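Undergrad: Letter by letter, the chains look like this.
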Amino acid sequence: MDALVIKRLTKTYGNGLQALKGIDLTVPEGDFFALLGPNGAGKTTAIGIVTSLVNKTSGSVQVFGYDLDRQREAAKLQIGVVPQEVNLHMFETCRRILINQAGYYGVPRRVAAARVEKYLRALRLWDRRDDIARSLSGGMKRRLMIARALIHEPRLLILDEPTAGVDIEIRRSMWEFMREINEAGVTIILTTHYLEEAESLCRDIAIIDEGLIIENDSMTNVIRKLQTESFVLTLEKAVQSAPDLDGYPVELRNEHEIEVTLSKGQSLNSLFDVLSKKSLHVVSMRTKTNRLEELFMGLVEQKDRPSELHYD
Amino acid sequence: MTETTLPVTKGGAQQSLLRINLIGLLTIVRKEAHRVRRIWVQTIVPPVITMTLYFVIFGTLIGRRIGEMDGVPYMNYIAPGLIMMSVITNSFGNVVSSFFSAKLQLFLEEMLVSPLSYATIVLGFVAGGMIRAMSVAVIVTAVALFFTNLDVAHPFITLSIILLTAMVFSLAGLINAIFANKFDDVSIFPTFVLAPLTYLGGVFFSISLLSPVWQKVALLNPVLYMVNGFRYGMLGVSDIDIRVAYAIILVFFVVLFTTAMVLLKRGTGIRH
Chain P
237 MDALVIKRLT
247 KTYGNGLQAL
257 KGIDLTVPEG
267 DFFALLGPNG
277 AGKTTAIGIV
287 TSLVNKTSGS
297 VQVFGYDLDR
307 QREAAKLQIG
317 VVPQEVNLHM
327 FETCRRILIN
337 QAGYYGVPRR
347 VAAARVEKYL
357 RALRLWDRRD
367 DIARSLSGGM
377 KRRLMIARAL
387 IHEPRLLILD
397 EPTAGVDIEI
407 RRSMWEFMRE
417 INEAGVTIIL
427 TTHYLEEAES
437 LCRDIAIIDE
447 GLIIENDSMT
457 NVIRKLQTES
467 FVLTLEKAVQ
477 SAPDLDGYPV
487 ELRNEHEIEV
497 TLSKGQSLNS
507 LFDVLSKKSL
517 HVVSMRTKTN
527 RLEELFMGLV
537 EQKDRPSELH
547 YD
Chain W
-4 MTETTLPVTK
6 GGAQQSLLRI
16 NLIGLLTIVR
26 KEAHRVRRIW
36 VQTIVPPVIT
46 MTLYFVIFGT
56 LIGRRIGEMD
66 GVPYMNYIAP
76 GLIMMSVITN
86 SFGNVVSSFF
96 SAKLQLFLEE
106 MLVSPLSYAT
116 IVLGFVAGGM
126 IRAMSVAVIV
136 TAVALFFTNL
146 DVAHPFITLS
156 IILLTAMVFS
166 LAGLINAIFA
176 NKFDDVSIFP
186 TFVLAPLTYL
196 GGVFFSISLL
206 SPVWQKVALL
216 NPVLYMVNGF
226 RYGMLGVSDI
236 DIRVAYAIIL
246 VFFVVLFTTA
256 MVLLKRGTGI
266 RH
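Sequence lines, in order, name chains P and W.
Numbering of the first sequence is given in our numbering, commencing with residue 237 and proceeding in unit increments.
Numbering of the second sequence is given in our numbering, commencing with residue -4 and proceeding in unit increments.
A few of these clues could be false.
[Stated by the list, open to error] Which residues of chain W face chain P? A few of them, derived with a C-beta cut under 8 Å, are: (1) 12; (2) 105; (3) 106; (4) 262.
If you are wondering where the hints come from, they were derived from the structure by calculation, not from laboratory data.
Computed from a predicted model, the values in this text were never measured in an experiment.
Each residue gets a CB set at the ideal place from its N, CA and C atoms; glycine is no exception.
Model the full assembly from the supplied sequences, consistent with the hints where possible.
TA: Next comes the structure, spelled out in structure tokens:
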């Protein structure tokens, strides 16, 4: 069964802004799905419609087979949402926020109390359970919102920029937590500006821009579509100019670093063969930019400068 | 709310819509009651101080010179009016401020994303307004007992009118908050509409003191029916027929409840 099926979804705001121009999207059950797009692309509007915070103009939304118009309660019961903006009651304690949220989903207080401990511990907030939300750091507030979204144990978890403003250590632990939740069977839809995050976590991806889905495929297929990929190589011995690498474009970054671009079809093995022949010993190597970032930029810039595309 | 069976959630058993809404309603009521307690210095203390001053100034000092109104001592005459005035202002004030801050700080979304019915959300906030209004009413009644003896002529009428009035003004507060976009919007109605209606609604005087023309104008004021209905329940005297008072209050309740439901369903002021 599909966790989410969106058909011909449109949204025109009162000021005439057409935020969604008829999007179709299917997220299979159990998926870890990335919904990416630049600011103002329509991601949050789409999520707002799915979570009943924005009125759609037309189209349909089904959550685990329940139509959001005709089976509103059944559909909403399946969803947990972590919105982009912090929307916590700042003067309530973490514990009370979670107990109340559980109550809104019909979870009795006794059951809710046990879940509060489970999720606050999992998200490293148990020590702060009796502190008001206002006293928490930005990262803690984000984690509290994740705990709140999970308290009724939904089958579909929607995370809109969950790691924004969170330090790297906490972000990594949140990734681990999200993976565990997904492995436990919860379908996850993630929007993020950290493309490394999407590439590392998600199996499928949709890219939305100016209210339209411009890419929707598995992460593997999408990454494969990249035409070129650039690597930065650190050399053991200093070089004074960019070496000739038999057709591989090379740029000299500094005397110990060169940047080599591989086209689709060229392998790293062949590159290293050439490097060995030239007696250039590589100490370390890294990708120049995140692969998904290259792809994303290519897609989003496509409309403006089609001739400069690095994407097929 | 109907007994519809909903699907199984990942972590929960099969649930009924009725059960979800009952637990949800109880949760909103608890949350609202907790809010009244948490900020008691804002919710309970000011109305009690204001009403005590009214009793001292209008009841004791000025009241002695007025003597009787409609055949009862002035202090006894204004006591039901002042209790009702505190019910009106506090039920309205509680819901308008609670709902508006939830909307402004976005945590209203916690309820909007949930499967709760709009009726449950409306009733939950109304219950919160009633809890504060009745808490203040009990304390104001206790304060009144320091100044005079109060008898209750018709207990059922007294209780039903005060509860219905609290419901009506809680609903009015909710509708005000739904439309409000800034802090000014939540103070305009209480200042320019509610206060004049309350002061001219027979709290301090009988409309028989007015000229025939103004008596007719006064009958357009819904607060008059609530104050007089409550006064009839306590003292057995009233400017208007108690049946008319019930009818007016019930009409207001139905109209305001329906309006609140339609607004929430449409998403007016809360959804784009």
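Undergrad: Run every hint past the structure and note whether it holds.
TA: Going down the list of hints, with the structure as the test:
1. Contact between residue 12 (chain W) and chain P, as hinted, is supported at the beta carbon level, the nearest pair being about 6 Å apart and thus within 8 Å.
2. The closest approach between the C-beta of residue 105 (chain W) and any C-beta of chain P is roughly 6 Å, which is under the 8 Å cut-off, so the hint is satisfied.
3. Because the closest C-beta pair between residue 106 (chain W) and chain P is about 6 Å apart, less than 8 Å, the hint holds.
4. A hinted interface residue such as residue 262 (chain W) counts as satisfied when its beta carbon comes closer than 8 Å to some beta carbon of chain P; here the least separation is about 5 Å, so the hint holds.
The earlier numbered hints are all upheld by this structure, with none contradicted.
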